[in-house]
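A.B. asks: Position 16 (the sequence shown) corresponds to 20 in the working numbering; numbering is contiguous.
No wet-lab data here; the hints were simulated from the structure.
Please read all numbers here as calculations on a predicted model, not as lab measurements.
Positions of the beta carbon are idealized from the N, C-alpha and C atoms, including for glycine.
Honestly, I wouldn't trust all of these hints.
As the list claims (entries may be wrong) - Cβ pair distances, simulated, as ranges:
| hint | residue 1 | residue 2 | range |
| --- | --- | --- | --- |
| 1 | Leu110 | Leu44 | 21 to 31 Å |
| 2 | Leu31 | Gly9 | 34 to 44 Å |
| 3 | His63 | Ile97 | 41 to 51 Å |
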Amino acid sequence: MQIVGLGLIATFLVVLLQEQKSNLAFLLTVFVGCTIFLLLVDQISNILAMLRKMAEGAHIQMVYLETMLKIIGIAYIAEFAAQISKDAGQGAIAAKIELGGKIVILALAVPILTAIIEAVIGLIPSAR
């Protein structure tokens, strides 16, 4: 409810400020976006702790979990930055941020894809 209230109040203020002081409206948008993210940090840390505990219980190598968490983090950060760029009227920059995020995600995913392919190949009986 806190986040929804903050978001609605900020939206109302930005609409009011947009015509008079567009720079201030944009700064308010960025500030509220960062504030909402900071309000979610505790929830995010709880989720990360739960995922680590589940991975340890399932005997999953931590390198895979850490890579997946990095991929998820990059996706969220790239989306956040792209939305800020779009709010500033910079759609072209937003598109480049999204592209950069996708390329970094692909680069991080290569070791996981390699491990999956090697596991599948190991399950295929060899031709005799």
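A.B. asks: Now tell me if each hint is right for this structure.
C.D. replies: Tested hints:
1. Leu110 with Leu44: 21 to 31 Å: 26 Å, holds
2. Leu31 with Gly9: 34 to 44 Å: 20 Å, violated
3. His63 with Ile97: 41 to 51 Å: 43 Å, holds
Of the numbered hints given earlier, the model fails hint 2 alone.
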